[in-house]
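Let the hints inform the model, and build the full structure from the sequences given.
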Amino acid sequence: MTDATAGKPPRGGQMLAADGTPLKVSLRRAMRAQKLRALLLISPLLLFVLLTFILPIGDMLLRSVENDIVPSTLPKTVVALQDWDPKTSELPGEPVFAGLHDDLVIAVEKKANTRLGQRLNYEYSGFSSLMRGVVRDLKSMDTSRPFMEQFIEADKKWGDPAVWRTLKTFSGEYTSGYLLNALDMQRTENGIQMKPEQERIYLKLFLRTMAMSLGITFICLLLGYPIAFLLASLPLRTSNLILILVLLPFWTSLLVRTAAWKVLLQQQGVINDILVWLGLVADNARLVMINNATGTTIAMTHILLPFMILPLFSVMKGIPPSYMRAAKSLGANDWTAFWRVYFPQSIPGVGAGAILCFILAIGYYITPELVGGTSGVFISNRIAYHISTSLNWGLAAALATLLLVVVLALYWTYDRIVGIDNVKLG
Amino acid sequence: MSLRYILGAAVLVGLPFGAAMAADDIEPCDGCANSMTVVSWGGAYQTSQQNAYSKPYAELTGTTFTWDESSNEAVAKLRAQFEAGNVTWDLVDVEGPDSQRLCDEGLAMPIDFDAVLAPGDDGSTPTADFGDGLINECFIPQIWFSTTFGYRTDVAEWNGAVPTSLCDVFDMEKFPGKRALEKRPKKNLEWALLCDGVTKEELYDVLSTPEGVDRALKKLDTIKDQTVWWSAGAEAPQLLADKEVVFGSTYNGRLFAVIEEQHQPVAMLWDYEVFDFDGWIVPADLPEDRKARVMNFLRFATDTQRLADQAKWISYGPARASSQPLVGKHADLGIEMAPHMPTNPDNMKNYLVNNIEWWADHQDEVEAKFQAWLTQ
Chain U
0 MTDATAGKPP RGGQMLAADG TPLKVSLRRA MRAQKLRALL LISPLLLFVL LTFILPIGDM
60 LLRSVENDIV PSTLPKTVVA LQDWDPKTSE LPGEPVFAGL HDDLVIAVEK KANTRLGQRL
120 NYEYSGFSSL MRGVVRDLKS MDTSRPFMEQ FIEADKKWGD PAVWRTLKTF SGEYTSGYLL
180 NALDMQRTEN GIQMKPEQER IYLKLFLRTM AMSLGITFIC LLLGYPIAFL LASLPLRTSN
240 LILILVLLPF WTSLLVRTAA WKVLLQQQGV INDILVWLGL VADNARLVMI NNATGTTIAM
300 THILLPFMIL PLFSVMKGIP PSYMRAAKSL GANDWTAFWR VYFPQSIPGV GAGAILCFIL
360 AIGYYITPEL VGGTSGVFIS NRIAYHISTS LNWGLAAALA TLLLVVVLAL YWTYDRIVGI
420 DNVKLG
Chain C
0 MSLRYILGAA VLVGLPFGAA MAADDIEPCD GCANSMTVVS WGGAYQTSQQ NAYSKPYAEL
60 TGTTFTWDES SNEAVAKLRA QFEAGNVTWD LVDVEGPDSQ RLCDEGLAMP IDFDAVLAPG
120 DDGSTPTADF GDGLINECFI PQIWFSTTFG YRTDVAEWNG AVPTSLCDVF DMEKFPGKRA
180 LEKRPKKNLE WALLCDGVTK EELYDVLSTP EGVDRALKKL DTIKDQTVWW SAGAEAPQLL
240 ADKEVVFGST YNGRLFAVIE EQHQPVAMLW DYEVFDFDGW IVPADLPEDR KARVMNFLRF
300 ATDTQRLADQ AKWISYGPAR ASSQPLVGKH ADLGIEMAPH MPTNPDNMKN YLVNNIEWWA
360 DHQDEVEAKF QAWLTQ
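Protein sequence lines correspond, in order, to chains U and C. The opening residue of the first sequence carries number 0 in numbering that gives the first Met the number 0; numbering runs sequentially from there. The opening residue of the second sequence carries number 0 in numbering that gives the first Met the number 0; numbering runs sequentially from there.
It is possible that part of the hints are untrue.
[Claimed, not checked] If you want the ones that stay clear, here's a sample from chain C, every Cβ over 12 Å from chain U, calculated: (1) 49; (2) 62; (3) 113; (4) 121; (5) 194; (6) 265; (7) 269; (8) 289; (9) 290; (10) 329; (11) 351.
[What the hints assert, rightly or not] Label pairs and their in silico Cβ distance ranges: (12) U:324 - C:230: 53 to 63 Å; (13) U:287 - C:152: 17 to 27 Å; (14) U:281 - C:374: 23 to 33 Å; (15) C:356 - U:406: 38 to 48 Å; (16) U:337 - C:230: 41 to 51 Å.
Just so you know, these hints were derived from the structure itself, not from any lab. Predicted, not measured: the structure shown is a model, and the values here were computed from it. Think of the CB as a built atom: it goes at the ideal place given N, C-alpha and C, for glycine as much as any other residue.
This is the structure:
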């Protein structure tokens, strides 16, 4: 028993440090200096992460709701449209058309008209050519005549109330259009509705991405656990050799590995050739193992396996072998000793490996693009398409935002069920 | 011994490059930047540009070239560079429709063709020489290329039948086997409708009707389960060479490589191939010294001889009329290139040009429908 009163302040007074200041104050001062030093030490990294990662990503995610282009390109039109009731089948009045004329003259000068056309074309097909056409239309317009009939003469689409309804619906600074689109929904006259069956795609891809990523993570665990176990229990010399074999794929280009899978898996590929030669598969019924979900699963499992094995290995390395021996000496058979004693201790490694694999898997796009065909592509492939080909950055941002939300939700669930402090990388 | 052999071979291969350079009419360039960043597609196409344009130009002027292989996402990247206010590219190789987009948005600079470009060897003005290729005021065309089908010539199940028309691609009974098509609606929808009884003239009218796209997809349904969908241009030739597919659509230059360079049992189907232009655009608002260098280079690299030279390394047709008679033999293979050009009259009996305007309007809607159809 230690002396229970040690460290307690003398009755009635505070404990003082050597220089006479109260100990609490002195301690706090020392801690503050330490914290400040720590903050200064990490500040370069903090700034770096903030400037190159958090701010750009925040900016990108903001694009999923940003609609500034409509009110800033057509300011007068948007104001004039406020009095128009989109539910009527009548066209807006002359002031709207006059405002449109003024706005478009400036827009054409700034070459902003086609960008606007592209933006509105996401919601209503035909805006793209309508807005490109205004360059030619404006030249022939006579400012002394009413603009309404002149616009409709130039392009009859201006006489379609649906065009104006779209313009009015998407005239705000912010829009839910992209996010709705990313959920296969659209805004119609009758409120928000699901898109027609044959245009729905994103929800399906989200579900597929989640399901296949979970599947891939599970296969990685099944394949990786025994290898990690072997690595942890073999003598150092042998285990180092196997570890190099595990790491070897890491040092090979991702594209090379993916291309190698093509050579192996395709219908005229090595595996099918061997199966046909062995007589297991008929020549005219070769297995389809690539350009579908199977191809994606196989190639991605191969790529992600090291991310499962390494955390498992480092956790298992820390489990004393004497525990298993103790369990056995107390009468447990091999399986009980493993399942009741060893496995629970390796759970932090399983958690770390699974989270790592899963998070990497849902963001993958180059491997599914190359070996996924149509049934093995992920949501990231659509994001990449909208970023670099269709240039619909708003929709890409909306899809990315949803993906982020799903990941955070899963992370939260994981934390509630398993506990995030129960994850170890070593 | 073997090293000397390799070195000797390198010198021999190097010779034609040197012989191709004719240092005749290069204009002096005052106050020009000493380096250029050029954006292209990589692969054999970029090599042909380097051999025909930039290598001779660098020898004459000492300009250093940096190549960036970003053409397939040039519009996105250029837009991002403009948003960040830091344009690092000097000259960008893009397809026709992309140039239209960049020009419309003011990201590409309008060019005064007759002032900037060299007149044709036959004395014609650049405007007349390039003709239909000048699809907008920013775009300087280099080549015609076409997207067409290649087929394997050794398919036993075909019993000696040889595909002669585009619609044989859709004939599963006579020509069984897998097909490779691009994972995009563009071109595929047009081909499907043409083989569903729609004429070339009515094509976009039919596509504009609400049922048009569905009709095309329905036609594609007949081969859907036998189709491998590609997204990179190199995939279809590879699939053909590996016997994975019996028909594959791709760029004619890629098929040329499979047939003539790799000697695979593959042949080209010239029927309703889709024509398109590829060419240069200059980013808007370049600093004066960089702009001067680009203009000087452009005048050299798009003259009659240089455009004809490019066809020594790749089977794409030069965009100038005056270059056509100068198209000679392949630099390494020594075969005549003219019969392999998409612009060769024999290859142009039936051809198609995408309606850029229609695609600009319907791209978003049709792409969504097409991708949804693919995942069904």
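Original post:
Of the hints given before, which are not true for this structure?
Top reply: Per hint list: zero violations.
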